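Q: Sequence:
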Amino acid sequence: AAAWTRAADQVEVLRQAAGQAQEAVVADALDAGVDWWTLGECLGIHPQEAWERFRGVVEGLVSPAAQRPLLAVVCTAGLDADHDCGGAGIDLEDLCDSHSLTRDPTVVRLRHAADLLGTGLWVSVRLPGDYVGADEVDDGEAVSRWTTVVLHADELGWLRQALECDADSNGAESERE
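Numbering follows my numbering, with no gaps: position 100 of the sequence shown is 113.
What the hints contain is simulated information worked out from the structure, not anything from laboratory work. Every value quoted in this text rests on a predicted model; they were computed, and no experiment measured them.
Ranges of calculated distance between the beta carbons of each label pair, as one might list FRET restraints:
(1) Trp159 - Leu130: 12 to 22 Å
(2) Asp44 - Val156: 29 to 39 Å
(3) Val38 - Arg122: 18 to 28 Å
Beta carbons are placed, not taken as given, at the ideal position from N, Cα and C, and that holds for glycine.
Please construct the entire structure, taking both the sequences and the accompanying hints into account.
A: So this is what it looks like as structure tokens:
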């Protein structure tokens, strides 16, 4: 038991040293001008996750949305049973599984929490200030609303097309009514 405790303590020391080394390397990279997209790619994570994990290693860093505002999007989420999606944007489920927003850290956390609660979760995505009906979801209807980023302009184009198709289909429904 004593040997096991010593070994576990040594593993913890090694884990902490590795974490400190990673932070030092990340700080050097950020000081050298590496952006959140490059850092995320090197670490195999979403740029937003890179910012959430390492924003404190260098003073004065801006968020990914501030760094590349043309790649920013607004997400809104709610529980299927308790909240109405309303006009918050296009459902994340309507985008392909390979879309980077499925790996956004808040999306991952909220989906995990919904799974633990045994309930469904909707996540809607819209372009900031560019979508009719963007403010139709009341704060009481949303579990969370946040700004995040996509990886590249093509993904933003896919989102824009999905929003246009959704608006077209909603317009056709209104005309039929």
